[in-house]
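Chemist: What follows is each chain in one-letter form.
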Amino acid sequence: ILNVEQSPQSLHVQEGDSTNFTCSFPSSNFYALHWYRWETAKSPEALFVMTLNGDEKKKGRISATLNTKEGYSYLYIKGSQPEDSATYLCAFHSGYSTLTFGKGTMLLVSP
Amino acid sequence: DAGVTQSPTHLIKTRGQQVTLRCSPKSGHDTVSWYQQALGQGPQFIFQYYEEEERQRGNFPDRFSGHQFPNYSSELNVNALLLGDSALYLCASSLGRELDQPQHFGDGTRLSIL
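Line by line, the protein sequences give chains A and B.
If you use the working numbering, the first sequence corresponds to residues 1 to 111, in order.
If you use the working numbering, the second sequence corresponds to residues 1 to 114, in order.
Derived by calculation from the structure, the hints in this document are not laboratory data.
Remember, it's a predicted structure, so these values are computed and weren't measured experimentally.
Treat the hints with caution; some may be incorrect.
Subject to a maximum C-alpha distance of 30 Å in a straight line, what follows is the list of computed DSSO-like cross-link-like pairs (lysine-lysine) [as the list claims (entries may be wrong)]:
| hint | chain 1 | residue 1 | chain 2 | residue 2 |
| --- | --- | --- | --- | --- |
| 1 | A | Lys78 | A | Lys59 |
| 2 | A | Lys78 | A | Lys42 |
| 3 | A | Lys57 | A | Lys103 |
| 4 | A | Lys103 | A | Lys69 |
| 5 | A | Lys58 | A | Lys42 |
| 6 | B | Lys26 | A | Lys57 |
| 7 | B | Lys26 | A | Lys103 |
| 8 | A | Lys78 | A | Lys57 |
| 9 | A | Lys42 | B | Lys26 |
| 10 | A | Lys59 | B | Lys26 |
| 11 | A | Lys69 | A | Lys59 |
| 12 | A | Lys103 | A | Lys58 |
| 13 | A | Lys78 | B | Lys13 |
| 14 | B | Lys13 | A | Lys57 |
| 15 | A | Lys59 | A | Lys42 |
| 16 | B | Lys13 | B | Lys26 |
| 17 | A | Lys78 | A | Lys103 |
| 18 | A | Lys78 | A | Lys58 |
| 19 | B | Lys13 | A | Lys58 |
| 20 | A | Lys58 | A | Lys69 |
| 21 | A | Lys57 | A | Lys42 |
Hey, can you work out the whole structure from these sequences and the hints?
Modeler: Shown next, in the form of structure tokens:
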């Protein structure tokens with residue numbers, strides 16, 4: 001059973017704050033790491049799929065880094081806005097397995 | 001460009017009954033995966049369908065079965081429902097079986113077992 005851990009479980013920040021979350025996954029047999037944003041009453045939306053160690057991806061104010069050797073990925077949000085409030089999920093794929101999701105980090109951004 | 005659509009939105013069943021959930025993939029996608037999300041958990045992979053065959057399966061009993069049709073749409077069937085089957089069931093589609101592509105999710109079907 002693959003273990004994908006996300007921290008923190010939840011986070012409450014003020015508008016304009018920058019924040020980051022962590023996704024930890026097994027460091028062996030890495031194939032891909034996914035990040036999704038899931039807003040309440042909507043469907044999960046793909047943010048990034050990362051496949052290379054040292055990869056950095058950016059989408060607007062959101063960026064992510066990947067370290068496959070130590071088994072972690074960081075998601076950063078610069079200048080958080082209320083519309084960034086959502087649950088952020090990461091999912092790990094080893095190549096021999098299916099996608100294994102973490103439990104998510106719930107972000108609340110107050111105006 | 002239609003995204004992933006799931007039906008029904010909500011469903012209430014009793015223990016022992018059977019249920020069928022439906023999913024239409026995003027236009028142009030040929031692969032459908034099903035996930036179960038229980039309260040407080042991340043989505044758990046049930047199975048993946050490609051070319052009308054089950055290609056991968058997660059740790060779910062045989063009570064969970066599926067089907068993919070020639071138009072790529074898919075059904076998830078659950079027999080002999082248990083209270084523990086209460087969850088949000090998500091369908092995701094992608095182009096190709098490889099999981100280095102982003103999954104496109106539907107809004108889910110909320111299944112409640114009484």
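Chemist: Which hint numbers doesn't this structure obey?
Modeler: Those not satisfied are hints 13, 14, 19.
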